[in-house]
Amino acid sequence: MMTGAEVMVRCLEEEGIRMVFGYPGVTICPFFDALYDSDIKAILVRQEQNGGHMASGYARTSKKPAVCVATSGPGATNLVTALGTAYADSIPIIAITGQVSSDLMGRDVFQEADITGAAEPFVKYSYVVRDAHDIPRVMKEAFHIASTGRSGPVLIDMPIDVQRQETEYEPVRQINIRGYKPTIKGNNLQIKKVIETLKSAKRPLICVGGGVILADAENEVRRFATEHNIPVVSTMMGIGVMPGDSSLYLGMLGENGKPHANYALSECDVFMLVGARVANRAVVRPYRLERRGTSIIHIDVDPAEIGKNLGTTIPLVGDVKVVFRKLLDMDFKSDYSEWDYDLAIRKAAYVDRRTFNPEYVDPCKFVRTLSGKMDDDAVYLADVGENQLWSSDNYIMKNGKFLTSGGFGTMGYSIPAALGARAACPDTQVVAVCGDGSFQMSMMELATMQQWELPIKIVIMKNGYLGLVREYQHRCYNDRYIGVKLDGNPDFEKLAEAYGLSYFYLRDNSAMDETVDAFLACEKAAIMVCEVYPYDSVKE
Amino acid sequence: MRGIFSVTVENKAGVLSHVAGLFARRGFNIDSLAVGETEDKDISNMTIISTGDERVMEQIEKQLNKKIDVIKVRRYPDNMVVTRELLMIKVAYTNATRADIMQICSITGAHIADLAPRTMVIELTAKTTKIDRFIRLMQPFGIAEIARTGAVAIQREMDQDRL
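Chains A and B, in that order, are what the protein sequence lines are. Taken in order, the first sequence gives residues 0 to 539; the numbers are from numbering that gives the first Met the number 0. Taken in order, the second sequence gives residues 0 to 162; the numbers are from numbering that gives the first Met the number 0.
Since the hints were derived computationally from the structure, they do not count as laboratory data. Treat the hints with caution; some may be incorrect.
[To be verified] What follows is a set of in silico ranges between Cβ atoms, one per label pair, in the way DEER data are often shown: (1) ASP339/A / GLN154/B: 50 to 60 Å; (2) THR50/B / ASP215/A: 40 to 50 Å; (3) GLU169/A / LYS11/B: 15 to 25 Å; (4) ASP52/B / ASP339/A: 54 to 64 Å; (5) ILE39/A / ALA12/B: 27 to 37 Å; (6) LYS523/A / ASN28/B: 55 to 65 Å; (7) ARG25/B / TYR480/A: 30 to 40 Å; (8) ALA446/A / ARG25/B: 36 to 46 Å; (9) PRO181/A / THR50/B: 23 to 33 Å; (10) ARG73/B / ARG222/A: 38 to 48 Å; (11) ALA146/B / ASN175/A: 54 to 64 Å.
By construction, the Cβ of each residue, glycine as well, lies at the ideal position given by its N, Cα and C atoms.
Whenever a hint applies, use it, and build me the whole structure from the sequences.
Structure follows, in structure tokens:
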């Protein structure tokens, strides 16, 4: 006989889980106690939300679901933002929450929260386990649901009595969920239509989203675009699909994107969306495309995304990798050289007219220098705010990863997600770039970083403001700055010292190369502060 | 446009709230919603009637399908289904009006389910439009209370003869 908690741990071992990110409390104590006898590491975080982000960073780097744990009540509700963040970007995480004893549920007892109710809009699925016999099935299903089809977070709420309940462990091998059969293969007829449409196209354009990375289909998409000379733009979540030096790649599109990428969108006659959900930041005016009669091919594993925000000419439901392998097998000749040439000229002619105060660090130049010097397979995490837009605009993609909270825009994501990425790949260089605002949203995790020896590099673009909101107030509210000034910033050098971190400082552009070199070469975890002019903007 | 959705779901706690929450969250209308067990006690059936344009209808269908506890979604155009709704209505009567009410009942196929000294409870199973009309007919007599189930729907057999 085993306890429910022991069965939970056994199931996690079966799934190949090596660590969980969490914060204990009374109602999840049986589970933590069972971890005591397991090889699974319990990584203590400093706040549950960050545990969720760590699992997210871990999952995105290892390409497998990762686990975060919290206790009932406030511990569980603290997880909600992390779940929302993972849900918006389709990241497979498993959240396990403790719950008060089954017989007390619904009575508003101490630290009770209806977490499955609260998290319902932000999870792919959730369970409340009422009987320990169900644990192996629930665990198996949870990992299956989280990682297949359109991946996403799954929540398992475990009342404490179920964790204590004695039960036999019977492993579950077969999964049969009658309401869940994701379409993977892609309809052959639709695939033929895609090819026919591309054959008659004059100005096709591929737009890649995060779905390409989630499907591990970067190579297939790159090959398809290259073989047929089809230009590519990306959403923020799709950064990293195309290498920066590809002549076909026009960069990010949308409100914060490159003008030539947006030009390509407005001029194309076939728009092929791949693993992207047409949110308002990327395709600001979808109706214009519809009205102009652009043929829209939408390839996504989630049928509900197709036609949601943009009318579609050819819907194609399936796993991006599988679909592109089929597309690569189809033989067709095409000549888009005129269009490619037009775009290449525009790309080459693009001049960044933004100017930055020369007495401070130029954030765009800094991102190019930093990402250019980083290891080929390094992980770059951008937080949210001006730092994110400067990063996505200037990041030089080699063979690494660019991770950010693109869908939800959760401030404070970069540091915990970076720790998760580092935990998944202990030999990989991991750099988190944040602003002084977003840094302070998760700086408590510096302790987690030191406790668990996860040396990452943290860049703080310090401008004393919540810069993106300040910029917005500048543009839309006549400089009536309110609630955006970060007076009371700590002395970051002393803070680094307090946590035992190396510290680097850039006052302006003059010593950028050497300082970045030293920062990246540093063995220990390190913080680097860049002084950014408070009134430098993302937009011209 | 009106869409009739017949949704087969797992008969589990919370499923109704997940489905209703989905409609609320995404701003889809629910004109009526009726839920009941099917011949298999692990499966329930929901009949949801909603209005909106074609894009909304398609999204409703897709979003419902995305729910893991939803086993099957069928979306019917109006003419392909038989829909019925049950109305229970309490109407005041006097000796002068009783015969009139009973006559309307017999014309419309309504039954008197309960007769008390000053009020009667009438039940009517019919299409929603017919029920609306019946309620209007009862208004002059004085309606004390109304309860209605919302429509349930089942697909017609579309055989050659009927076409």
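Here's how the hints hold up against the structure:
1. ASP339/A / GLN154/B: 50 to 60 Å: Between ASP339/A and GLN154/B, where Cβ atoms are some 52 Å apart, the hint holds.
2. THR50/B / ASP215/A: 40 to 50 Å: Since the Cβ atoms of THR50/B and ASP215/A sit about 42 Å apart, the hinted range of 40 to 50 Å holds.
3. GLU169/A / LYS11/B: 15 to 25 Å: holds, 22 Å
4. ASP52/B / ASP339/A: 54 to 64 Å: violated, 38 Å
5. ILE39/A / ALA12/B: 27 to 37 Å: Given a distance of about 30 Å, which is inside 27 to 37 Å, the answer is holds.
6. LYS523/A / ASN28/B: 55 to 65 Å: holds, 59 Å
7. ARG25/B / TYR480/A: 30 to 40 Å: Hint holds: Cβ distance 36 Å, inside 30 to 40 Å.
8. ALA446/A / ARG25/B: 36 to 46 Å: holds, 40 Å
9. PRO181/A / THR50/B: 23 to 33 Å: holds, 30 Å
10. ARG73/B / ARG222/A: 38 to 48 Å: holds, 40 Å
11. ALA146/B / ASN175/A: 54 to 64 Å: Given about 40 Å between the Cβ atoms, the range is violated.
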